[in-house]
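Peer 1: Protein chains in written order, with this note's numbering: chain A, 1 to 408; chain B, 1 to 408.
Think of the hints as simulated: they come from the structure by calculation, not from any bench. Since this is a predicted model, take the numbers as computed values, not measurements. Even glycine gets a Cβ: it sits at the ideal position worked out from N, Cα and C. Please note: incorrect hints may appear among the correct ones.
[To be verified] Selected chain B positions facing chain A (Cβ under 10 Å, derived; list incomplete):
{"hint": "1", "residue": "A2"}
{"hint": "2", "residue": "A54"}
{"hint": "3", "residue": "E56"}
{"hint": "4", "residue": "T62"}
{"hint": "5", "residue": "M66"}
{"hint": "6", "residue": "T72"}
{"hint": "7", "residue": "Q75"}
{"hint": "8", "residue": "Q99"}
{"hint": "9", "residue": "G143"}
2 protein chains.
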Amino acid sequence: MALLVQKFGGTSVGSVDRIEKVAEKVRKFRDQGDDIVVVVSAMSGETNRLISLANEIMEEPTAREMDVLVSTGEQVTIALLCMALHKRGVAARSYTGPQVRILTDDSHTKARILDIDNHNIQADLSAGRVVVVAGFQGVDESGNITTLGRGGSDTTAVALAAALKADECQIYTDVDGVYTTDPRVVDSARRLDTITFEEMLEMASLGSKVLQIRSVEFAGKYNVPLRVLHSFQEGPGTLITIEDDDNMEQPIVSGIAFNRDEAKLTIAGVPDIPGVASKILKPVSDANIEVDMIVQNVGADNHTDFTFTVHRNDFKKAQAILVRLSEELEAKEVKGDDKIAKVSIVGVGMRSHAGVASKMFEALSVEGINIQMISTSEIKVSVVIDEKYLELAVRSLHSAFELSEKPA
Amino acid sequence: MALLVQKFGGTSVGSVDRIEKVAEKVRKFRDQGDDIVVVVSAMSGETNRLISLANEIMEEPTAREMDVLVSTGEQVTIALLCMALHKRGVAARSYTGPQVRILTDDSHTKARILDIDNHNIQADLSAGRVVVVAGFQGVDESGNITTLGRGGSDTTAVALAAALKADECQIYTDVDGVYTTDPRVVDSARRLDTITFEEMLEMASLGSKVLQIRSVEFAGKYNVPLRVLHSFQEGPGTLITIEDDDNMEQPIVSGIAFNRDEAKLTIAGVPDIPGVASKILKPVSDANIEVDMIVQNVGADNHTDFTFTVHRNDFKKAQAILVRLSEELEAKEVKGDDKIAKVSIVGVGMRSHAGVASKMFEALSVEGINIQMISTSEIKVSVVIDEKYLELAVRSLHSAFELSEKPA
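Just chain A, with the same shape it has in the complex (with noise of 0.2 Å):
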């Protein structure tokens, strides 16, 4: 007998078919003696419907009403899918997230989880209910309600998993895993057993969205163990776990992330002296812009060239602060480039072993793929490569890494 906290997010509970086949699920683990906490989204849709009616009024609405706005999503689901338990016989609470008291910061629409109370559930628990938690939502020290952020249900069913002890934090979505790589682009992907809280950092980053980050940083810090399963397909899905330091087996890559939102621009002959890199990345960060991968090489006659990706939708502003730059520093030129993809090749198993990244640049070699970009850490090598070479690229470090069959 375990206690389970399962997350089901708005596909999972988009109408009210899909409730009742989710009340079918839990009833199926109540019956094997497991203790169920249920978390739940809005169902899909209806979160963009009250944010349309919100803009029909302010196009930037007061934030303290959105947040009482919005919650209104989560409250209904939680309602629905007490009914669809009750009317299969099986007890069950439903509480928002002021019921419960899962205290935040006054941040409104991206609050921070501060405390749990878990006193309440604790009691429905050991009364034998099933309890049903709104995701997504908090209350302050004021009592005002406030939101986590698109996605903050993750993070609540991770934070409840904590403060409860449970045994499992479950996130049923519509993949039944974490794959290598998008099966969409290599056939042979496949589904990982497990995967370590910084791989799956580093893929969720990457563009992997199965899980939103803030949930797998909070279950990384509080050991909490998180599977992500299909929410109406059986199957196993993938863990994801503490790193096992003693575990030989590790494979050295374990996924291949990429993402083509990406845009790259270069600062050319700049002068090589300290406080440049500062004095051309303050107006871009100035300016709300992101930068994700940041390159300077050695230069050369005391000049030296700057590189760096944004999002595609701040191309064009980042180029145009790059223009007005380039005169105060007397650069060369401005060169900018939206046709882009990053590819990335994660795995904790590359921290002990030597010779990745050159594997990884000799299969794109052999396919006569050229690499613009070069940018490392611990566990990942990622590169910035054309665009139109992404799937070929994606596909030979597949095969190159041996991703297809599982390890011995």
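Model the placement of chain B on the given structure of chain A, informed by the hints.
Peer 2: Below, chain B without anything else, positioned relative to chain A:
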């Protein structure tokens, strides 16, 4: 400078456009220097939409979860109205029932208000903010969300006005006041400037659906001046007042109420002995059938006839019960008629004036209208007549009591 509690119902906030109009109205009062607490219902149609979702799952959903579900309706409105006020530069803050702390008993879907904590609202008013409160909802001692039942937003408004000692509680509706009778039946029906709480209660329970009865009782009990006004038309509305004993100008009859929702049942020739009335009514009330008028005349030969009215929807059910009873009581026969109407004259002036009933009966007899049942209270006389004479009866009474003319 007055403290006003203003309540806007579902139709008045039925679209973003109407919410903006309400905000405009509130802004004008605010500009005059009044302190304003606004109570709103769910946008029209929203409560029914939520109930339909629940009914897709269960015919009789759990009451606790029903309250969690439907209370989201008003929560959406308070957020949108605050945004519309902010857009106009009016400082405003929203409160759900639980956030105010409108404490109720735990009778889900039909809870009663026990106490209101006005601490938060007072602080906001002192800070110059408009306070927007979700009607219809509260919270019980254990923190469960409760609702006051349909139309409960009126009750919320009156209870808040009492707790805050407001100068006036204004109920905005789709009519511009309380009329001497339904203007669709009598062209010359006149809006009353004032009406007493008692008269309003009789008018409301007899089918003038302007205000919820509970809210009128509440206002009378706590001496809250209540005014009914039109949401989107200018005008003084009707003020509902405490009866002024010194007012010699009190009209004898204030209005004519009527309804055609009832049916009449007679069990004839039952033994005229103690206990028969309760023997007849107990099984009816056990079947959850509400009885309105009850008439039993002096009997003859130790036998009597017993007549009462029920809602037309319950006619067949009540008839079946009486047929069953008639054997047991050895009654002569059971008669029924669902083509009846009830017409009543209402007025606190009746107390001190004799001859009001006879004037009523005379007016009906002049038109050849036969009276089937009569029932009286201190401030009203009701008669049951053939449904087809309803309009004629109302018009002739309206004219006989000179209701089109404003009293001197």
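Peer 1: Evaluate each hint against the coordinates.
Peer 2: Taking the hints in turn, this is what the structure says about them:
1. A2: violated, 26 Å
2. A54: holds, 6 Å
3. E56: Holds, about 4 Å.
4. T62: Result: holds, 5 Å to nearest chain A Cβ.
5. M66: holds, 7 Å
6. T72: holds, 4 Å
7. Q75: holds, 5 Å
8. Q99: Since chain A brings a Cβ to about 6 Å from Q99 (chain B), closer than 10 Å, the hint holds.
9. G143: holds, 6 Å
Hint 1 alone, counting from the list given before, is not met by this structure.
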